[in-house]
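Visitor: Sequence:
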Amino acid sequence: MGADLSFPQVEISPDRTYLVTGGNTGIGYCAAKEIAQMGGHVIIACRNIGKAETAVKQMKEENEKEFREKRKDLLDTNQEPRKLNLDIMELDLASFDKTMKFIEEFKARNCSLHGLLCNAGIFMQEKVMTDDGYETMLQSNYLSHLLIILHFLPILQKSEEDARIVQTSSGAYEMGKFDERNINADKSFSAFGLYSNSKLYQIMSMYWLTRHVKDKFVTISSCHPGFVKTQMTESYWLMRMFIKVASRNPKDGASTIIKAAIDPSLKAQTGLYLADCKIKATSSYAMNVENQDKLMAYSFQVLENYLPQDIKEYIDM
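Under my numbering, read the sequence shown as residues 753 to 1069, first letter to last.
Everything labelled a hint here was simulated from the structure, so no lab data went into it. In this text, a Cβ means the ideal position worked out from N, Cα and C, and glycines have one as well. Please note: incorrect hints may appear among the correct ones.
List of simulated lysine to any residue pairs, SDA-like, C-alpha gap at most 20 Å [what the hints assert, rightly or not]:
hint	residue 1	residue 2
1	Lys803	Pro1002
2	Lys910	Ile1063
3	Lys939	Met927
4	Lys968	Glu1065
5	Lys1032	Met927
6	Lys929	Phe944
7	Lys812	Met790
8	Lys966	Glu1065
9	Lys1019	Cys1029
10	Lys853	Tyr886
Each pair of labels, with its calculated beta carbon distance range [unchecked claim]:
hint	residue 1	residue 2	range
11	Gln1061	Ala1020	21 to 31 Å
12	Arg823	Lys968	35 to 45 Å
13	Asp1045	Lys812	38 to 48 Å
14	Ser758	Asn936	36 to 46 Å
15	Asp849	Arg823	45 to 55 Å
16	Glu832	Asp884	46 to 56 Å
17	Ser1035	Gly791	31 to 41 Å
18	Ser864	Lys835	16 to 26 Å
19	Asp884	Ile1031	34 to 44 Å
20	Phe969	Leu1059	17 to 27 Å
21	Glu1065	Gly923	30 to 40 Å
22	Asp1068	Glu805	33 to 43 Å
23	Asp839	Asp883	24 to 34 Å
Between the sequences and the hints, there should be enough to build the whole structure, so can you do that?
Guide: Take a look at the structure:
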């Protein structure tokens, strides 16, 4: 038997806003669509606005088609499908300046935020450094998302009691290593190793933030969606091998992320790692407090020129 990849179908208030990075494709697409279908206001943040517009159009078409399919045998055929409340913002995680531009544009909207889904991810087969001087997977998967989290914490805190940060991590984190001398691939580069490291760093930072964020009503979790067949996983032979053995479609992969974002039973529960829609334990390696402190010290040093000036008001530094 396969895993029970179910999440509760809840009615989400249209006043609740969810931001999904990488919501134009794969797991993020499915998560954004499902949350919008439950009534939430969803903002899709991604690098390519054209692809995001195409994704939103497709979501709306699928929503209408699915609604008609469900109601085709009912006598009441006049009811209209829920209109999906979807917005788009441009976000390039491979640039700190462009990430800050996105952050400032979001803040300028004076928009509430109840769910921050840090979903976008990238896999690079070769070592490519960003213009900021950091390995691309490190910056896109981990550092830029951390920067967004640190800036949006006060917005999440103001929203209401149930505000959540959800990171799309990966079971690949178990193959990651924390090596202070090689965080930025200065010593050596392994494509899958650096990808796994970026996912390990997400989980390590989750545990650190769980201890140091002052407002405990803002919760943070990390999720393993399973080995999902997406454009990213198709790009590397080792990932394709995992997919052949235990493939999962993007909709099933999104289930755990959606559950973490909306399940009422998880309210006020923080520092959770979820896989197959269940709370799971992480490795003792990921929970090493000394390494977490070292990682965050490095991260704050890298992000020093981009951090909020009032960061100490909501994080114990």
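Visitor: Now tell me if each hint is right for this structure.
Guide: Cross-check of the supplied hints:
For the hint pairing Lys803 with Pro1002, the CA-to-CA distance comes to about 17 Å; that is within 20 Å, so the pair holds. This hinted pair checks out: Lys910 and Ile1063 have alpha carbons roughly 15 Å apart, not beyond 20 Å. As the CA atoms of Lys939 and Met927 are separated by approximately 18 Å, the hinted pair is consistent with the 20 Å bound. Simply put, Lys968 and Glu1065 have alpha-carbon atoms about 14 Å apart, close enough for the 20 Å limit, and the pair holds.
As the CA atoms of Lys1032 and Met927 are separated by approximately 17 Å, the hinted pair is consistent with the 20 Å bound. At most 20 Å may separate the alpha-carbon atoms for a hinted pair to count; Lys929 and Phe944 meet this at roughly 11 Å. Of the supplied pair hints, the one linking Lys812 and Met790 holds, its CA atoms being roughly 13 Å apart against a limit of 20 Å. As the CA atoms of Lys966 and Glu1065 are separated by approximately 8 Å, the hinted pair is consistent with the 20 Å bound.
Between the alpha carbons of Lys1019 and Cys1029 the distance comes to roughly 15 Å, so the proposed pair stays at or under 20 Å and holds. For the suggested pair Lys853 and Tyr886, the alpha carbons sit about 19 Å apart, so the restraint of at most 20 Å is met. The given range of 21 to 31 Å is respected by Gln1061 and Ala1020, whose C-beta atoms sit roughly 29 Å from each other. Distance hint check: the CB atoms of Arg823 and Lys968 are about 43 Å apart, consistent with the given range 35 to 45 Å.
The hinted range of 38 to 48 Å is satisfied by Asp1045 and Lys812, whose Cβ atoms lie roughly 46 Å apart. Remark: the range hint 36 to 46 Å for Ser758 to Asn936 is upheld by a beta-carbon distance near 40 Å. The beta-carbon spacing between Asp849 and Arg823, approximately 48 Å, falls within the hinted interval of 45 to 55 Å. Range check, Glu832 to Asp884: about 47 Å between beta-carbon atoms, so the 46 to 56 Å window is met.
Restraint check, Ser1035 to Gly791: a C-beta distance of roughly 37 Å satisfies the suggested window 31 to 41 Å. Our hint of 16 to 26 Å for Ser864 and Lys835 holds, since their Cβ atoms are close to 20 Å apart. At about 35 Å, the CB distance of Asp884 to Ile1031 agrees with the hint of 34 to 44 Å. For the pair Phe969 and Leu1059, the supplied restraint of 17 to 27 Å holds, since their beta-carbon distance comes to about 22 Å.
Roughly 36 Å separates the CB atoms of Glu1065 and Gly923, a value that falls within the hinted 30 to 40 Å. The hint said 33 to 43 Å for the Cβ distance between Asp1068 and Glu805, and at roughly 41 Å that hint holds. At about 28 Å, the CB distance of Asp839 to Asp883 agrees with the hint of 24 to 34 Å.
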